[in-house]
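Peer 1: These are the residues of each chain, in order.
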Amino acid sequence: MSAVAEPLGSGPVRQGFFGRLSTSLYLRPRLVLLLLLLPPLLWLGIVYIGSLLALLAQSFFSVDDFSGLTVYQPTLATYAELFTPANISIILRTIVMAAVVTIGCAVIGFPLAYYMARFAGPRAKAVFYLAVMLPLWSNYLVRVYSWKLILAKEGVLTWLFNLVGLGGLLDDALALPIVGGPSLSASYIGMCIVFIYIWLPYMILPVEAALERVPRSFIEASADLGARPRATFRNVILPLAIPGVAAGSIFTFSLTLGDYIIPNLIGNSRPFVGMVVYSYQGTAGNIPLAAAFTMVPILVMALYLAGAKRLGAFDAL
Amino acid sequence: MRSSMRSGTGAGWGLRTAATGGLLFLNLPLAFILLYALTTDDRSFNFPPPGLTLKWFAVAWGRDDIWQALALSVEVALMGMGLALILGTLAALAMYRFRFFGKESVTLMILLPIALPGIVTGISLRSAFALGGIPFSYWTIVLGHATFCIVVVYNNVIARLRRSSPTLIEASMDLGANSFQTFRHVVLPNVATALLAGGMLAFALSFDEVIVTTFTAGQQETLPIWMLSQLLRPRERPLTNVAAVFVIAVTLIPILGAYYLTRDTHDAAGSGK
Numbered sequence: 001m002s003a004v005a006e007p008l009g010s011g012p013v014r015q016g017f018f019g020r021l022s023t024s025l026y027l028r029p030r031l032v033l034l035l036l037l038l039p040p041l042l043w044l045g046i047v048y049i050g051s052l053l054a055l056l057a058q059s060f061f062s063v064d065d066f067s068g069l070t071v072y073q074p075t076l077a078t079y080a081e082l083f084t085p086a087n088i089s090i091i092l093r094t095i096v097m098a099a100v101v102t103i104g105c106a107v108i109g110f111p112l113a114y115y116m117a118r119f120a121g122p123r124a125k126a127v128f129y130l131a132v133m134l135p136l137w138s139n140y141l142v143r144v145y146s147w148k149l150i151l152a153k154e155g156v157l158t159w160l161f162n163l164v165g166l167g168g169l170l171d172d173a174l175a176l177p178i179v180g181g182p183s184l185s186a187s188y189i190g191m192c193i194v195f196i197y198i199w200l201p202y203m204i205l206p207v208e209a210a211l212e213r214v215p216r217s218f219i220e221a222s223a224d225l226g227a228r229p230r231a232t233f234r235n236v237i238l239p240l241a242i243p244g245v246a247a248g249s250i251f252t253f254s255l256t257l258g259d260y261i262i263p264n265l266i267g268n269s270r271p272f273v274g275m276v277v278y279s280y281q282g283t284a285g286n287i288p289l290a291a292a293f294t295m296v297p298i299l300v301m302a303l304y305l306a307g308a309k310r311l312g313a314f315d316a317l
Numbered sequence: 001m002r003s004s005m006r007s008g009t010g011a012g013w014g015l016r017t018a019a020t021g022g023l024l025f026l027n028l029p030l031a032f033i034l035l036y037a038l039t040t041d042d043r044s045f046n047f048p049p050p051g052l053t054l055k056w057f058a059v060a061w062g063r064d065d066i067w068q069a070l071a072l073s074v075e076v077a078l079m080g081m082g083l084a085l086i087l088g089t090l091a092a093l094a095m096y097r098f099r100f101f102g103k104e105s106v107t108l109m110i111l112l113p114i115a116l117p118g119i120v121t122g123i124s125l126r127s128a129f130a131l132g133g134i135p136f137s138y139w140t141i142v143l144g145h146a147t148f149c150i151v152v153v154y155n156n157v158i159a160r161l162r163r164s165s166p167t168l169i170e171a172s173m174d175l176g177a178n179s180f181q182t183f184r185h186v187v188l189p190n191v192a193t194a195l196l197a198g199g200m201l202a203f204a205l206s207f208d209e210v211i212v213t214t215f216t217a218g219q220q221e222t223l224p225i226w227m228l229s230q231l232l233r234p235r236e237r238p239l240t241n242v243a244a245v246f247v248i249a250v251t252l253i254p255i256l257g258a259y260y261l262t263r264d265t266h267d268a269a270g271s272g273k
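Taken in sequence, the protein lines are chains A and B.
Mind the numbering: the first sequence is residues 1 to 317 in the numbering used here, read in order.
Mind the numbering: the second sequence is residues 1 to 273 in the numbering used here, read in order.
Keep in mind the hints are simulated off the structure, nothing from the lab.
Errors might be hidden in some of the hints.
[Said to hold, decoys possible] Simulated pairs of lysine to any residue, SDA-like, Cα-Cα distance not exceeding 25 Å:
id : chain 1 : residue 1 : chain 2 : residue 2
1  : A       : K153      : B       : L231
2  : A       : K125      : B       : P189
3  : A       : K125      : B       : L24
4  : A       : K309      : B       : E104
5  : B       : K103      : A       : L311
6  : A       : K148      : B       : L30
7  : A       : K148      : A       : L265
8  : A       : K153      : B       : P50
9  : A       : K309      : A       : L299
10 : B       : K103      : A       : L41
11 : A       : K153      : B       : A31
[Unchecked claim] Computed from the model, here is a short list of chain B residues facing chain A with C-beta under 8 Å:
id : residue
12 : P29
13 : V106
14 : M109
15 : P113
16 : P117
17 : G118
18 : L131
19 : I134
20 : L143
21 : P224
22 : V247
Just so you know, even glycine gets a beta-carbon here, dropped at the ideal spot from N, CA and C.
The task is simple: from the sequences and hints, build the whole structure.
Peer 2: Here it is, written out as C-alpha cells:
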C-alpha cells in the first residue's frame with residue numbers, strides 16, 4: 001500500500017539506514033568535510049602543533065649557570081647564545097651539507113626516476129620499484145653502518161680503487177683541505193656519500209611520480225611539432241618534472257638538516273646542528289638551548305618550503 | 001609497454017648506465033651487510049673477509065634482547081601504520097572532495113611533521129611530554145610515529161584520487177548507490193593499492209625510525225635503538241650485522257607479497273592514463 005503511494009523517482013526502493021544517512025550527508029557537505037577532517041586535524045593540532053608550541057616556549061626559558069636548572073621566565077638570553085662564531089659555523093656547515101646532499105640526490109636520482117617512468121616495461125618497473133623501496137625498508141642505522149664498512153681504510157672501496165690502479169686518486173681526494181680526512185669514513189666526502197645514499201629513495205619516488213604524470217600526448221605533440229627528443233626533454237618533460245624534484249628536495253634537505261646519527265658515526269667529529277641539539281637536551285640537560293638551536297632548522301625549512309611551494313612541490317607530493 | 005615503444009627511441013646507453021649505477025648504489029651496500037654477517041673477522045672491516053662462518057646467526061638467535069626489541073618495533077610500526085592509515089585517508093578524502101577556507105594551511109600542517117627535520121618532531125614531543133608530565137611508554141613512541149606517518153598515507157591516497165576519474169563516482173551514484181556503497185565498491189578498490197603502498201611506506205618509516213624514537217622512548221628499546229646502542233659497543237658488531245640481515249629478510253617477504261598481490265591492478269591503473 002505504502003509502496004504504491006510512494007512517488008515515482010524517489011530513488012532506490014529499499015533505502016536502509018545507510019541510504020538515508022547517505023542522503024542526509026549528501027545534503028550537508030560541510031558536515032561531511034567536518035567529519036572527515038576533524039580527526040586528522042585534532043591529532044595534528046594537539047599532538048604536533050601543541051608540541052611545537054611547547055618547544056617554542058622552552059626556547060624562551062633559560063638555564064641557570066650555577067644550579068643547572070631551567071628558569072621558567074621569558075628571556076632572549078638563550079637565543080643570544082646562538083650567535084657565537086662557533087655556533088654560526090655549525091649552522092652554516094649543516095646547511096651547506098644539506099644543500100650538497102640535495103643536489104647529489106637530484107643528480108643521481110633523476111636518471112633513475114626518468115628511466116623508471118619512461119622506458120622500463122611493467123616487469124622492469126616492478127624490479128626498479130622494489131629496488132628503490134628495499135633500502136627504505138631496511139634499517140636506517142644498518143645502512144649507515146654498512147657504509148662504515150665500505151668506506152673504512154681497509155674496506156671495499158679502498159680495495160676496489162687499488163684493484164683498478166686508482167689508489168692514488170683516492171689519496172689525492174682525501175688530501176684535499178676541508179673535505180678530506182684520514183680515511184673516507186672520517187671525511188666530509190664520506191659523510192656526503194652516506195647522506196645521499198640514505199635519502200636517495202625520497203628523491204626518486206616523487207620525481208618518478210611527477211614524470212609518470214607527464215601525459216604521453218604532450219611528448220607526442222612535441223615530437224609531431226618537430227622537436228628532437230633532446231628538445232622535448234628540455235622544454236616539455238623537465239619543466240613538468242621540476243615540482244617532483246622540488247618535492248623530493250624537501251625530504252632530502254630537511255632530513256639532512258636534522259640528522260645527528262650520520263655525523264656521529266661518519267666523518268670527523270665536527271658538530272652538526274642535530275648533534276648539538278641532541279647533546280644539549282641529553283647529557284647537558286639544557287633543553288632551552290636545544291630548543292633555541294632547533295629553531296634554526298625550522299626557520300631554514302620555512303624559507304625552503306616557501307621556495308618549494310613556488311615551484312609547485314606541494315602538488316607533486 | 002606498447003606505448004613506450006611507439007613513443008619513439010628507447011633509452012640511450014648513458015641513461016641506462018646512470019639508472020643501473022643508481023640502482024647498484026642503492027642496493028649493493030645491503031649485500032655487504034650479508035657478507036659481513038658471515039665473516040670470521042670480528043675486529044676490523046677487512047675486505048675481502050678472511051673466512052666465512054654461520055656462528056653469528058646462532059649467537060643472535062639466542063639473544064632475548066634482540067627478540068624483545070624486534071617485537072616492540074613491530075607493535076609500534078603496526079599501530080603507527082594503522083593510525084596513519086585512518087587519519088591520512090580521512091584527510092586525503094576531505095582535501096580531494098572539498099574546497100574550503102584555510103585548505104593551504106591544512107596541507108602545510110599535514111606536511112610539517114615530515115618537512116621539518118625529525119629532530120624537531122622528537123624534541124618538540126619530548127618537551128611537551130616534559131611540560132605535561134607524561135611518562136614515556138609504548139604509546140609515547142606510537143604518538144610520534146603516527147604523526148610523521150600520516151603524511152605518507154595522505155600523499156599516496158590523494159595522488160591516486162587525483163588520478164582517478166570523478167565520473168566513476170558520479171556513475172555509481174547515478175546507478176543508485178549511496179555514498180557508503182560508492183565508497184566501498186568504487187573509491188576503495190580504486191585507492192586500495194595506494195593505501196597498501198602508503199601503509200607499507202608508513203610501516204617502513206616507523207620500523208626504522210631512530211631519531212624521533214630516541215626522544216620519545218625512555219627505557220624502551222625498539223630494534224633501531226637496540227642497534228644504536230650496539231654500534232656504540234663495537235665488540236658486538238657481528239650480532240648487529242646478523243640482526244640487520246634478519247630485518248632485511250623479514251621485511252622483504254611482505255613487500256614482495258604486497259607487490260605480487262597488487263601487480264595487476266597497478267598496471268591497470270597505470271595503463272589508463
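Peer 1: Does each hint fit the structure? Answer for all of them.
Peer 2: Verification of the supplied hints:
no. : hint            : result
1   : A/K153 - B/L231 : 18 Å, holds
2   : A/K125 - B/P189 : 22 Å, holds
3   : A/K125 - B/L24  : 15 Å, holds
4   : A/K309 - B/E104 : 11 Å, holds
5   : B/K103 - A/L311 : 18 Å, holds
6   : A/K148 - B/L30  : 12 Å, holds
7   : A/K148 - A/L265 : 8 Å, holds
8   : A/K153 - B/P50  : 16 Å, holds
9   : A/K309 - A/L299 : 15 Å, holds
10  : B/K103 - A/L41  : 11 Å, holds
11  : A/K153 - B/A31  : 19 Å, holds
12  : P29             : 4 Å, holds
13  : V106            : 7 Å, holds
14  : M109            : 5 Å, holds
15  : P113            : 6 Å, holds
16  : P117            : 2 Å, holds
17  : G118            : 5 Å, holds
18  : L131            : 5 Å, holds
19  : I134            : 11 Å, violated
20  : L143            : 6 Å, holds
21  : P224            : 5 Å, holds
22  : V247            : 5 Å, holds
Violation of the numbered hints given earlier is confined to hint 19; every other hint is satisfied by the structure.
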